[in-house]
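Undergrad: Given next are the chains, with one letter for each unit.
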Amino acid sequence: MAGVAIALGAGVATAMIGVATDVGDKISLELRRNHANLVVTPQEDTLDLEIGGVNLKPPSDGAFLNEADLPKIKSTFWRNAILGFAPMLPVSVRLGGANDSQDVTLLGTYFSKPYSYGKDNFITGVRTTSGSWRVVGDWPTDDSQNVLLGERLAAKTGKKPGDTVTIAGQPHVVSGILSTGGVEDDQIVAPLAVAQQILGKPGAVRRVYVSALTKPEDAFARRDPKTLTGAMYDRWYCSPYAQSIAYQLQEVIPFSHAEQIRQVEQTEGTVLSRIKGLMLLLTLAALFASVLAVSAAMATAIFERRHEIGLMKALGAGKAAVAAIFFAEAALLAVIGGALGFVGGSLLAQRIGRSIFDSQITIQPVLFPMILAIAILVSFAGSAVPIRRAVMFDPVYALRGEA
Amino acid sequence: MNSLSSHDSADQVAKRRSGSPHISMFMRMLLRAAVLRRGRAASALLAMTVAAAVATAMLNLYVEVQVKLRKEFRNYGANIVIVAKDGQVLPANALKTVEASLAGRGLAVPFAYVVARTSDGKSVVVSGTDLDQVRRLNAWWSVSHWPAANNEALVGARAAQVVSAQGKPFDLRFQERAIQLTQAGTLQTGAAEEGRVYLSLNDFEAWTGVAPTTIEVAASGSPAEVSTMVNQLVQAVPAAEVRPVRQIMESEAQVLGKTRATLLAAAILIILTASVCVLATLMGWVFDRRRDFAIMKALGASERLISGFFAGEAAALGAVGALAGFVIGIGVAAWIGRANFNAPVMPRLGVLPVILAGSVAVALIAAVVPIALLRRGQPAMILKGE
Numbered sequence: 001m002a003g004v005a006i007a008l009g010a011g012v013a014t015a016m017i018g019v020a021t022d023v024g025d026k027i028s029l030e031l032r033r034n035h036a037n038l039v040v041t042p043q044e045d046t047l048d049l050e051i052g053g054v055n056l057k058p059p060s061d062g063a064f065l066n067e068a069d070l071p072k073i074k075s076t077f078w079r080n081a082i083l084g085f086a087p088m089l090p091v092s093v094r095l096g097g098a099n100d101s102q103d104v105t106l107l108g109t110y111f112s113k114p115y116s117y118g119k120d121n122f123i124t125g126v127r128t129t130s131g132s133w134r135v136v137g138d139w140p141t142d143d144s145q146n147v148l149l150g151e152r153l154a155a156k157t158g159k160k161p162g163d164t165v166t167i168a169g170q171p172h173v174v175s176g177i178l179s180t181g182g183v184e185d186d187q188i189v190a191p192l193a194v195a196q197q198i199l200g201k202p203g204a205v206r207r208v209y210v211s212a213l214t215k216p217e218d219a220f221a222r223r224d225p226k227t228l229t230g231a232m233y234d235r236w237y238c239s240p241y242a243q244s245i246a247y248q249l250q251e252v253i254p255f256s257h258a259e260q261i262r263q264v265e266q267t268e269g270t271v272l273s274r275i276k277g278l279m280l281l282l283t284l285a286a287l288f289a290s291v292l293a294v295s296a297a298m299a300t301a302i303f304e305r306r307h308e309i310g311l312m313k314a315l316g317a318g319k320a321a322v323a324a325i326f327f328a329e330a331a332l333l334a335v336i337g338g339a340l341g342f343v344g345g346s347l348l349a350q351r352i353g354r355s356i357f358d359s360q361i362t363i364q365p366v367l368f369p370m371i372l373a374i375a376i377l378v379s380f381a382g383s384a385v386p387i388r389r390a391v392m393f394d395p396v397y398a399l400r401g402e403a
Numbered sequence: 001m002n003s004l005s006s007h008d009s010a011d012q013v014a015k016r017r018s019g020s021p022h023i024s025m026f027m028r029m030l031l032r033a034a035v036l037r038r039g040r041a042a043s044a045l046l047a048m049t050v051a052a053a054v055a056t057a058m059l060n061l062y063v064e065v066q067v068k069l070r071k072e073f074r075n076y077g078a079n080i081v082i083v084a085k086d087g088q089v090l091p092a093n094a095l096k097t098v099e100a101s102l103a104g105r106g107l108a109v110p111f112a113y114v115v116a117r118t119s120d121g122k123s124v125v126v127s128g129t130d131l132d133q134v135r136r137l138n139a140w141w142s143v144s145h146w147p148a149a150n151n152e153a154l155v156g157a158r159a160a161q162v163v164s165a166q167g168k169p170f171d172l173r174f175q176e177r178a179i180q181l182t183q184a185g186t187l188q189t190g191a192a193e194e195g196r197v198y199l200s201l202n203d204f205e206a207w208t209g210v211a212p213t214t215i216e217v218a219a220s221g222s223p224a225e226v227s228t229m230v231n232q233l234v235q236a237v238p239a240a241e242v243r244p245v246r247q248i249m250e251s252e253a254q255v256l257g258k259t260r261a262t263l264l265a266a267a268i269l270i271i272l273t274a275s276v277c278v279l280a281t282l283m284g285w286v287f288d289r290r291r292d293f294a295i296m297k298a299l300g301a302s303e304r305l306i307s308g309f310f311a312g313e314a315a316a317l318g319a320v321g322a323l324a325g326f327v328i329g330i331g332v333a334a335w336i337g338r339a340n341f342n343a344p345v346m347p348r349l350g351v352l353p354v355i356l357a358g359s360v361a362v363a364l365i366a367a368v369v370p371i372a373l374l375r376r377g378q379p380a381m382i383l384k385g386e
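Protein chains in written order, with my numbering: chain P, 1 to 403; chain H, 1 to 386.
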C-alpha cells in the first residue's frame, strides 16, 4: 500500500512538474503561430499615412529593405527562437478591366517559401507567422503569378477561386479567397515577386514581420543596451527578450529598425506569466497532495506492524536497530516507488502533451534524482513519527495487541 | 484496544435506557469512538480535510480561471471594430447607441482621423479620440506622459521625428485651419500608431470639424456573448460595418481552451491522489477497529446495525472533513487568485455539494471494503488477534 502511494505520488509530481514547466512554451508557440511579435522596418523611412489599414503614402515613396538580406535573420544569436518571418510589400494597383476598375492594395509576401542559410533549411512565410489566415481554395505557390483575394473584395467583385482577374493590366489567376478578419480582407495578397514587378523595384521589401519565442519583459529587459557594460551586456544580449532579439535583427539587416509589436508582445507576456504562475502553484498543490498521500500511507503501514516491532524488541533489538530497519525499508520503498512513479508520470505527461497540445512534453532527466530525493525525504518524514512511537512502546503491550 | 469497555456509571446507563435506545446508543458510540481514539480519528479527518480543501481549490480555480484570463485578454484592446462605410462618418449618436448596447459590459472608444500638414509641408495622420478611454482600452501603449490640458498632444515615436524632433510646440494645418499643439508625451507601440499624433476629441473636432469614423469596442464575456454583441451592434448601428477582430478572439479561445484542459488534467490528477490517500487512511482506520466490530458482533448486534454504524461513522467523518476542507479550499483559491491574478477568486457555492458528495462517497467506499472483509471472519478469531 505504501509503495503504491509512493509510486502514485511520484507519478503525479513528475507529470505536474513536466506539464507546468512546458505549458508556457507550448502556449507561446501556438500564439506565435497566430501572429508575429516583431517588426523590422527601414531605418530612414518616411512617415506612413495609415488610416484603417489603408496607407495613403505613395507606394514608391520612402525607403525599402533588401530581400537579399532576409536570410541573415537566421544568423542571429537567437535564430532557434525565431519561428518564421514574412516580408511585406504593399503596392496600390488597379483591379479590373478598363471600364470597371478600382484602386486596391496588393500585398506582396511569402506564403511558404523554402529558404536555406548555411546548413539550415527552413520554410517561412505567412503560413508560418499568421496561423489565423484562412483560405478557401488553394494557397498560391511563391514562384507563381497566382493571387489570393480578400474575402470582402471577392464579395464586392463577385470572384471565385479559379477565376481570372486583371491586376495592373496583367491577368492573374485567383487561386483562393482569403479571410483574416483584418485589413487584408479588402486587399489582394500575391507572391512577393509579383508586387516587386508591379512596383518596378526588384528585391524591395517594405517591412518584415518576425515571429520569435520570447521571455516576458522585466526591468532588466528595458535597459538600454548602450548603457550596459561587459557581463551585463552579454547577459542582456543572450536573453531571449523581445528587445534583445530586435536589437540583433537590427545588427544583421543593414539600415533597419526592429521593434516589438507591443500589443502582441506585452499582452501575451502577461497572459503567459499568469498561466505559468498558476501552473507553478498547482504543482505545489500536487506535491503537497503527494506528500500527504505518501506520509499517510507510510504511517498506516508502520502502525500495522507494531507487533513485529514488539517482537523485535522482545528478542533484544535496540531502538536504533529497529529504527534503522524501518528507515532502510522506507528508503527502498521510496526508491522503487519513486522510479516506477517517474516512469509512469513521464508517460502521463506525454499523454497530456499529446492530447492537449499535439506535441511531446519532454521530461528533463535531471528530474529523476530530484523525484527520488523527494520520495525518500517524504517517506522518511511520514515514517518518522510512527517509528518513533513504535520504538518507544513497551514490547509487552505491543505483543498483547494493546498498542 | 479499550474503546468500548463497560465502565459507564449507573445514571448514564439509566439515562441511556430512558431515551430512544437505538438512536442514543448509536450517537453515543459514534461520539465515544471519535473521542477515545482521537489520534487515529484526527489523522483520518485531517486527510479528509486536506483532500477536500485541495479539491475545492482546484474546482474553484477551474471555474474561475476563464474569467480571470479573459480579463487579461481584454488588455489586447478592441475585439470588435465598428467602421463607417466607405467615405462616410458615423452618425452623431453612434457612440451613445453603442454604449447603450454594451450596457457596461465593455468599453467603446471613438477615433477620428485626418491627414494634416506640418509647417514644413510634410503629411502626418492626426487622430482625435477619448484619451482617458484609450488609456484603459490599449493598456499595451507605452506612453511617457499622457496629455491633460487643452491642445496637448500625444505624439507617436515616428511622428515625433517629423513634427517636432526637440519636443517643442508645433503647428499643424488641415484645410487652411491651423492649430498649435504642445507635445505632452511620446507613444511607442511598434505598429501604425507610432506614426500618428493623438488629440482629445474636443480639440480635434474644434480644429477640423471632422467626426469619428471608427469605434473600437472591447466587449467582455465568452465568445458566444461577444458574437451576440456583434449581432446587436449590427442592428444598432446599421450605417456602419461591425467587424469582430478574429485574430484576437482566436488567440483567446485557443489559450483559454488549452489552459482549462491542462488545469482539468491537473485537477483530476491531484484529486485522484488526494482520494487515494484518504481511502488508504480511512481503510486503515476502520480495519484497525476490528475488535470493536467483533465485540459488537459477539454481543449480538446484527450485521446490518454494525455496517450501519461503521458507514454512518465514515459518512459523518466525510461530511465534517468536506465542510472544513471547503472553507480552507476557498481560502487557498482566494490566495492563489490574489498571488497570481491580483484579484480574489470568488467562492463558488455550487462546488460544495460536489465536494460533499465526493467526500462522503470516498468515506463510504473506505468503510465498506474492510467491513466486507471482517464480516467473513468469526468474532472469536478476531478477538484472539488473528
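It should be emphasised that the hints constitute simulated quantities derived from the structure, not laboratory data.
Since the model is a prediction, treat every value here as computed from it, not as a measurement.
Virtual Cβ for every residue (Gly too), placed ideally from N, Cα, C.
Errors might be hidden in some of the hints.
Covered by chain H, according to a simulated footprint, are these stretches of chain P (three or more residues, beta-carbon under 8 Å) [claimed, not checked]: (1) 68 to 76; (2) 315 to 327.
Chain P regions said to be covered by chain H (calculated; three or more residues, Cβ under 8 Å) [as the list claims (entries may be wrong)]: (3) 29 to 36; (4) 155 to 169; (5) 180 to 188.
Undergrad: Next step is simple, just say for each hint if it's right about the structure.
TA: Status of each hint after checking the structure:
Check result for the stretch 68 to 76 of chain P against chain H: violated, 0 residues qualifying (beta carbon to beta carbon below 8 Å, three or more required). Proximity of the stretch 315 to 327 of chain P to chain H, defined as three or more residues with a beta carbon under 8 Å from a beta carbon of that chain, is not established by the 0 residues found. As drawn, the stretch 29 to 36 of chain P meets chain H at 4 residues by the rule of a beta-carbon pair under 8 Å; at three or more, the given contact holds. By the rule of at least three residues with a Cβ nearer than 8 Å to a Cβ of chain H, the coverage given for the stretch 155 to 169 of chain P is violated, with 0 such residues.
With a threshold of 8 Å between beta carbons, the proposed coverage of the stretch 180 to 188 of chain P by chain H holds, since 3 of its residues qualify and at least three are required.
The structure fails to meet hints 1, 2 and 4 from the earlier list, while all remaining hints are met.
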